[in-house]
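Q: What follows is the residue order along each chain.
There are 2 protein chains.
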Amino acid sequence: MARRLKSLDELRRLPAVSAAPAPGARKAAVAVAPVRVLGIDPGSRYTGWGLLECRGQRSQFLAAGRIVSTQGAMPERLLTVFEGLCAVIAEHRPDEIALEETFVNRSNAQSALVLGQARGVAMLAAARTGLPFAEYAAAQVKLAIAGHGRADKQQIAQMVKLLLKLQAAHSEDATDALAVALCHAHVRGTISQGHPALKGSW
Amino acid sequence: MARRLKSLDELRRLPAVSAAPAPGARKAAVAVAPVRVLGIDPGSRYTGWGLLECRGQRSQFLAAGRIVSTQGAMPERLLTVFEGLCAVIAEHRPDEIALEETFVNRSNAQSALVLGQARGVAMLAAARTGLPFAEYAAAQVKLAIAGHGRADKQQIAQMVKLLLKLQAAHSEDATDALAVALCHAHVRGTISQGHPALKGSW
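Protein chains in written order, with the numbering used here: chain V, 1 to 202; chain Y, 203 to 404.
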């Protein structure tokens, strides 16, 4: 049976990834334990995912991809998204999961409903793991990656490529997922250092 | 692993529930096999469900209830909806599943997104069973239950109670779910009789 999701308070009490060593501790003993962060960018047709390994403030690219669910009726497509994400989680065993908060255009409720369906399935795949889970607004992701909240998609993609020293090309969906994983890595590192402005972000 | 959902064409080729007996067949042999229909009315806080047993044009109430998911963060609530629906399906073993198409207010995309999340999870619970699945617009449900597409909630509830000879009181969510199950029972019965106007409904 699925474990329950950890509360936000529990998330805030997670061990600091860049904690200072105890006084007198040997240098070799203070290596920060790596944390695997999975970023997800859900959609009813394409769901991006990206996996990073974070050690303190450093993040390293591990894997990324996208789940294609363009075929069949909506329930089938949602099943593809769900099974795809469960397979990614089972294979890559993340420690934490991050999702971008969806921006919805006020005037397009029908699109919001369809997007919500894919998003609900992605949240469910995350919730079933019982892993710490966080959401970030698009502006937060942009701020963390590009230094300002109004960066465009291309700028974000360029920064993700630079920051993670990506060699291969990745789909837009995978890049978006890597961006939210990077944002989460940044926030969790900053929280562990006691940054007051970010403590309420997750 | 989950079986794939049947296509709409497959649904249309389902055995007719009120098929005429083969010429010369004994009367005792033409008893129509009962079909269990589960109606679902998903929501992020309350998800109604209602189960009917249909024999030809007759529908009999079997069970109904609602899943309460008002506590916790959204992923936890979606997990409650999903696990609740999976438990209902496992316990009551429906043969077919029906969902009401969600009406979304154009100006409220945020609500549509939240509702979509619960709806996605309900669709997933249905899709994982591999059972025939159908969706009905609210107007179709009203037409099937009350004879016109503009009946209000109270009229529909009254008709559901009358048609199913309900003794006990049920929540609004459970009644809505029974209404969509009744609509499905009506449509599948009518399709099996070759009603041309309804053949495209599922």
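Keep in mind that the hints were calculated from the coordinates and are not lab data.
Quick caveat, the model's predicted, so the values are computed rather than measured.
Just so you know, even glycine gets a beta-carbon here, dropped at the ideal spot from N, CA and C.
Honestly, I wouldn't trust all of these hints.
What the hints assert, rightly or not - Derived CB-CB ranges, DEER-like:
#: 1; chain 1: Y; residue 1: Ala341; chain 2: V; residue 2: Ala73; range: 31 to 39 Å
#: 2; chain 1: Y; residue 1: Gln259; chain 2: V; residue 2: Glu172; range: 32 to 40 Å
#: 3; chain 1: V; residue 1: Pro34; chain 2: Y; residue 2: Gly332; range: 24 to 32 Å
#: 4; chain 1: V; residue 1: Lys165; chain 2: Y; residue 2: Asn307; range: 41 to 49 Å
To be verified - Some chain Y residues close to chain V (C-beta under 8 Å, calculated; not the full set):
#: 5; residue: Ala329
#: 6; residue: Leu333
#: 7; residue: Gly349
#: 8; residue: His350
Q: So, for every hint listed, does it hold in this structure?
A: Right, here's what the structure says about each hint:
1. Ala341(Y) / Ala73(V): 31 to 39 Å: With Cβ atoms ~21 Å apart, the hint is violated.
2. Gln259(Y) / Glu172(V): 32 to 40 Å: 52 Å, violated
3. Pro34(V) / Gly332(Y): 24 to 32 Å: Because 40 Å falls outside the window, the suggested range is violated.
4. Lys165(V) / Asn307(Y): 41 to 49 Å: 46 Å, holds
5. Ala329: 4 Å, holds
6. Leu333: Because about 10 Å separates leucine 333(Y) from the closest Cβ in chain V, which is outside the 8 Å limit, the hint is violated.
7. Gly349: 28 Å, violated
8. His350: 25 Å, violated
Violated hints for the displayed structure, listed by number in ascending order: 1, 2, 3, 6, 7, 8.
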